[in-house]
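**Student:** Guided by the hints, dock chain B onto chain A, whose structure is given.
Top to bottom, those sequences are chains A and B.
Those letters in the first sequence? Residues 13 to 408, by the working numbering.
Those letters in the second sequence? Residues 13 to 408, by the working numbering.
Source of the hints: derived by calculation from the structure; they are not laboratory data.
Quantities reported herein were computed from a predicted structural model and do not represent experimental measurements.
All clues stand as given, with none of them false.
If chains are identical, the list can't say which one is meant, so a pair holds when it fits in one copy or spans any two.
Lysine to any residue pairs mimicking SDA-like chemistry, simulated, CA-CA at most 25 angstroms apart:
#	residue 1	residue 2
1	317	146
2	241	159
3	248	309
4	238	248
5	238	306
6	238	267
Given next are the chains, with one letter for each unit.
Number of protein chains: 2
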Amino acid sequence: MVRLGVVGLGSRGKGWIAGVLVNMENVTITALCDVYMDRVDDCANIVTNKHPDTEILKTTDYRELIDADCVDAVLCTAAWEAHVPVSIYSMRAGKPVGCEVGGAYSVEDCWDLVRTYEETGTKFMFLENCCYGRRELMILNMVERGFFGKVVHCDGGYHHDLREEISFGKENRHYRLRNYLSRNCENYPTHELGPIAKILNINHGNRMVSLTSTASLSAGLSEYIKNKKPDDEELKNANFAQGDMITTVIKCAHGETITLQLDTTLPRYYTRDFTVHGTRALYEERTDSIFEDGKHNHDDWSWTKNFGNAKEYAKEYEHPIWKDYLENGLIGGHGGMDGLVMHAFIDSLENDKPCPIDVYDAAAWMSVTALSSISVSLGGAPVEVPDFTRGQWLLR
Amino acid sequence: MVRLGVVGLGSRGKGWIAGVLVNMENVTITALCDVYMDRVDDCANIVTNKHPDTEILKTTDYRELIDADCVDAVLCTAAWEAHVPVSIYSMRAGKPVGCEVGGAYSVEDCWDLVRTYEETGTKFMFLENCCYGRRELMILNMVERGFFGKVVHCDGGYHHDLREEISFGKENRHYRLRNYLSRNCENYPTHELGPIAKILNINHGNRMVSLTSTASLSAGLSEYIKNKKPDDEELKNANFAQGDMITTVIKCAHGETITLQLDTTLPRYYTRDFTVHGTRALYEERTDSIFEDGKHNHDDWSWTKNFGNAKEYAKEYEHPIWKDYLENGLIGGHGGMDGLVMHAFIDSLENDKPCPIDVYDAAAWMSVTALSSISVSLGGAPVEVPDFTRGQWLLR
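The shape of chain A in the complex, shown without the other chains (with noise of 0.2 angstroms):
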């Protein structure tokens, strides 16, 4: 049994508690920590509603939770700026600790995290659910087993209409908001580029070497709140340094390029648009088809006969994560993905196995957010992505 303590009770952290934590019979909660004392009371009640005999350490100072006795493993849920912070605090205490995802404010920041794992030891996960996804799996499975050929290219984005969560307001105000309102940068790249960089082994015998970031002016804020919150007179004027698309192109070692674009400010539907390319085939997420070489006909293909086909697929070449999961039943959020990650965090815990989501992982993928400010900044200057195994990558 993992006694967990969960730093960020925001929405992300009650929805973990609420729908896979309480749930989980190896994991019991015992400490509860958030700025807010009444978020911290709300979950303390989802935990003892379902669990009565448990008992919470209930705290508004992160420090405070991680020192606790009553804490094995810590699980950071705060605001994007407390990920580093906490994760590290955690690492010096010697509790694991699994951590949200995010962006980084600075390259140091991502050797801190390397660095402090290397000197303490201490077990540390990128929960990125995404690279759990069953799609991302699925294809995962398929270029290992050579379905694509060489892969070549992979695009990946957040596109995620946000202006609502983003531009609440002042009673409920998002982490999201000040970052918008001060940064011009691909803020959140690791649900698409997570599983990107599995696919093309970034630190397992390859690597990312440098990117450009290009950002669009921001309008789609500022018009939906002039419609939505015209009277809201913090905001109404307010000017979002955040551009509305951030294209982002990365060059690997191996001459592989990846494209992510954040998308969260202008009205669309929802798609990481995960597409993996390859001499062989393709697979786009957006329409959830996949093109195989010799199989499909390039002037005989079209969205009504071939979107969605990729499900086709899923008998032969489904993830073995995902058969045993969907045999014995999902739990969690996110289609599944949750229960998943969280599982891996646990498991690695128990079973004292390294984590499939490391520190390197998770100092490479954050890292992409501080060089793309700095290439945004600087025109679209191409920057280079620091080699955070020291050389290793060309070892593991």
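**Tutor:** This is chain B only, laid out in the frame that chain A set:
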């Protein structure tokens, strides 16, 4: 009646003649030129089979064709490398020229086109047929009527599996082959960039300011040749300079961004991926769908339900050019676009109108190829897009 000389009689030139020109009442073909005389004879037969009384000058020298008294205007459908020399010679000879699409080999070539036009005053039209695509024009109409709000970002691509065409072999060597062997750039940007440039008012109050371009490794053609032409001594060990995927990101004067992808040597279905993203709506050619703010809900959108919905907007927003065209019957290839762009060129000659796609459009759009080559060679460094209008874009 415009007496037209055609330079370049490969499959595109022949297609123009057989599919469009011999059916136009106000055009007669009076001269034909290609470096291969059998192509000239072949095309001459096509013309005389339809119009037995036509006298045709046949030559392998484009200068002879352009200088001939029987030629009022020139159509250049030759290999990419000939577009600029033929167009310049034609303008200097006082013969209006319609030039097929392709990219430029140098920025200076683009300036030479502009200088020659300005010095001679001879009409020049860039025959970008995709500017006359049905959806492209409908979306342009919608943008002009405010449907999209402020347009912030556009995507486009030339996603066209050309492996067979490029590697067909010595016996019918395509001009693409030599380009793919020796260059590495966005070699064919205008099918998608043209319609986007019209939407973003490039050269008319807006301009492209800078771009970055990143090339992936080259693997698709080599693998294709290894499988399909294992005995081709010349090609089986060829090293292709051209990366399989070239991603170009363009920044415009008012902050709009454009992405272009050249994707011609991997297996896939065809799309130009024409995508227009504004503060009120999104159009995606890939799924032929429109997401309209307020009408559509991003939590309730699916490809099974919504893809293909663009046709529902045609009743209100079909472009007047296409309304007329549908009523009067389509002619020409590529779904009618060819007939429309040729009609526009001939109309500008007969009625002394300005060419709707002029030398400044051609220079700006074609320059993307040359600039992309520079950026790729500099590791994705941003390069400036010249202002070929010399400031007139602020006034036009």
